[in-house]
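Please model the complete structure; the sequences and the hints are all you need to start from.
Spelled out from the first residue to the last, the chains are:
Number of protein chains: 2
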Amino acid sequence: MQKRKILKPKPISGFPEYTPEIRRVEMRWIDTIRETFERYGYVNIETPSVEEAETLAAKGGDVDKEIYGLQRLNDDGEDKGARLALHFDLTVPTARYVAQHFNDLTFPFKRYQIQRVWRGERPQEGRFREFLQCDVDVIDQDGISHDFDAEIPLIAMQALNAVGAGPIRFMLNNRKILTGFYQGLGIENAGDVIRVVDKIDKLPAAEIERILTGELGLAADIAKACLALAQIRSTDNRFADEARALGVQNDPFEEGLTELAAVMDRLNASEKGACVAEANLGIARGLDYYTGVVYEAQLIDYPEYSTICAGGRYADLVGAYIKSDLPGVGISIGLTRLFAKLVKEGKISGERASPTDVLIARFPENDVLALDRLASQLRTRGINVEVYHETAKLKNQFRYAERKAIPYLWFAGDPHEVKDLGAGEQSQADPASWLPSRLQG
Amino acid sequence: MQKRKILKPKPISGFPEYTPEIRRVEMRWIDTIRETFERYGYVNIETPSVEEAETLAAKGGDVDKEIYGLQRLNDDGEDKGARLALHFDLTVPTARYVAQHFNDLTFPFKRYQIQRVWRGERPQEGRFREFLQCDVDVIDQDGISHDFDAEIPLIAMQALNAVGAGPIRFMLNNRKILTGFYQGLGIENAGDVIRVVDKIDKLPAAEIERILTGELGLAADIAKACLALAQIRSTDNRFADEARALGVQNDPFEEGLTELAAVMDRLNASEKGACVAEANLGIARGLDYYTGVVYEAQLIDYPEYSTICAGGRYADLVGAYIKSDLPGVGISIGLTRLFAKLVKEGKISGERASPTDVLIARFPENDVLALDRLASQLRTRGINVEVYHETAKLKNQFRYAERKAIPYLWFAGDPHEVKDLGAGEQSQADPASWLPSRLQG
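As they're listed, the protein sequences go chains A and B.
Basically the working numbering = 1-based index in the first sequence + 41.
Basically the working numbering = 1-based index in the second sequence + 41.
None of these hints come from the bench; they were simulated from the model.
Do not rely on the hints blindly, as some may be mistaken.
Note that the list lumps identical chains together, so a pair holds whenever it fits in one copy or between two copies.
Claimed, not checked - Calculated cross-link-like contacts (lysine-lysine; reagent style PhoX-like; alpha-carbon spacing at most 20 Å):
id : residue 1 : residue 2
1  : K100      : K49
2  : K364      : K51
3  : K364      : K49
4  : K460      : K240
5  : K51       : K385
6  : K434      : K445
7  : K445      : K460
8  : K51       : K100
9  : K49       : K460
Here it is as structure tokens:
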């Protein structure tokens, strides 16, 4: 054994990595989410990790300075192509994808996408530089059915229930309620008001009111009305009456209330498991591009923790690429953010890392080719099998199985015998019919 | 409908992207490969897409100038951390991972890893800037069982057979055969000779001989012997006798022949499907770090196409990180390279993109909440269901199902009826027991 200096490898801040035990849980989560999306008939797409830097920067908004550009370490100037950068979400790539493959897609185009995205943020709790997003969107031509306003958050709830992510509050609003209400009050800078009111969960109400009357110059009663609207929340349709009681009347306001009530009705008629649907007229989702229903979800047990799922309805996905508008509704589950929090809080404990059902023991008297054939026969029947990698004392093979939590130890012979290491029982087994409990019935 | 200027989105060269139909096949391939790896008891790990640039550059060798470094587009100089870069393979990240999580792993550590890697290469056929690698390796402490020399290529063969990748030739050699042989001939610059001989499939034999006698200054009979060795190939164990007949005798040479013969015996006793195992004393795998068996696989139908799978045995994975040597055996399937070639050659045709089994038709007389409940009932039973997104004429709903190749159209009512769109037959169905053919038996 050669001795040498040891360099301690260090994790890179903001880039999560797990032991095989935790990774196995994460893989099961991803499989389950994917399965849930497919239960609703959504198709998978994947896009490259990069887009042209120009495309991303044009859409980046406040994430602009967080975009990672690529540059070869020893650039010899040979590469004359456009500057490339890692995508910071899955929306911009999807817009480009839909435009590029427009003629190959069936509309309404129901797609899901589960990929890593990158942001050069300062790492802190709930913020990562590389993270997995699970997006589900429907995109249609010109109009898009309001059915999807309810289906999209419902799919997210089903997926989060299926992985067992625990109690989650989905807060829903409709941008038309806000813009209609502000318009009815004669407010001109509705966008600014939305940005301020969106902080209602982070700042005290009095502070919000101060900003509205101060920086934004609203009259005191107008600011009070804005605040009153933002404080309305209900898990049924009472929100609509409470909002109407504030005295504003106009078409977009009424349309927004009606649309949101329809979404709440449909969600409340559905199985929501550990999720709660709450109409919350205080959430706005800062992004300009939402035009109807908006969603924002948080872990009920960790109300201080950042949003783990968000989305909404937009009037046009693809912007300059296509002649006509392509409106859509979508939601994005921040899987890494959610998963990392539950791991940190001890809500997720690693499973056994090994997928192995059976370890075939190996002794000097065994013919290795015969053990190979036995393993192959079992594998063909869907059983995950390892043949111990050398002849060794039973004790050592036993310890290996134990450390990997392999449930069965197989002794080849005539007859074969299998020891159930959990129950401690050993019995005869026929390789042509024996099944581990994982595969029984 | 708003009219505007259309920007044609363009694909970025070297970054593959598929329509949903082809992506569905790719997903099935990945699932199948993963399943195969787990059949043999290998555990999954994932590492971040980036490592510190220093770590990568130290190991990069000739890919050094192809490494993509990350830099925020509008860097404000705030980020004082180490320079980060995208990994160019999965070996360097695995080495760092094993060192970092050393105490959490069970050895022999059998791991697989399916991730994207990046290389800033000039794109050309078979070369991508972003591509998916499927790696399977066993790493042990100090020694490692020679069992794995055969198991590793066998797993790759099983995986490639399972996805139906078509006839593939696995060429095997052992570096000890080469180094022993050259040593026996009194050649001092064995590494240089290996690099030249490795080109035997690309250059004519006479040209190889010229380089050996010219640039490398070998005597004519020595060069001839090197060439003779490199031309030996057999699908059984005749290679060993032919190699011995060249008259060299020493321990490493003999050890290499014995090890390779054992691997060939084990492979030839196994089910190899559409794969061929060939001992080929002309392949060397340029990388210095292989020390025993080496593998290289190519598509038999496209012999000019680049290697689609390669690997071998190495004496130490982790270098400076750990006190003792961690030897291993591994292989990497270049999934993107392989898949893209088969797509290009028309060997892979897209499936229907949609996972939907049943489209529930929707007419003005239907209560949408009742359709939701029906859909939910079917989904709980594992059926993938869409409810048509608006009330519409049967013709339109029919066309939608047809374009997405959805096999069943469901008419809610009392009784319910289901139309099998393939067979054209319509019959009564009970939502509590009906199954699409995909889920039957």
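So, going through the hints one by one against the coordinates:
Taking identical chains as interchangeable, the C-alpha atoms of K100 and K49 lie at most 20 Å apart only when they sit on different chains, with a minimum of 17 Å there against 40 Å within one chain. In this assembly of identical chains, K364 and K51 lie within 20 Å of each other by CA distance solely across copies; the values are 16 Å between and 50 Å within a copy. In this homomeric assembly, K364 and K49 come within 20 Å of each other (Cα to Cα) only across copies, at 11 Å, whereas the closest approach inside a single copy is 56 Å. In this homomeric assembly, K460 and K240 never come within 20 Å of each other (Cα to Cα): the closest approach is 60 Å inside a single copy and 52 Å across copies.
Taking the shortest Cα distances, K51 and K385 sit within 20 Å of each other inside one copy (19 Å), while across copies they are farther apart (42 Å). In this homomeric assembly, K434 and K445 come within 20 Å of each other (Cα to Cα) only inside a single copy, at 17 Å, whereas the closest approach across copies is 58 Å. Taking the closest pair of Cα atoms, K445 and K460 come within 20 Å of each other only inside a single copy of the chain (15 Å); across copies the shortest separation is 49 Å, beyond that limit. Only between protomers do K51 and K100 lie at most 20 Å apart by alpha-carbon distance; the minimum there is 17 Å, versus 34 Å within a single protomer.
Neither within a single protomer nor between protomers do K49 and K460 lie at most 20 Å apart by alpha-carbon distance, with minima of 41 Å and 64 Å respectively.
In terms of the numbered hints stated before, the structure departs from hints 4, 9, listed from lowest to highest.
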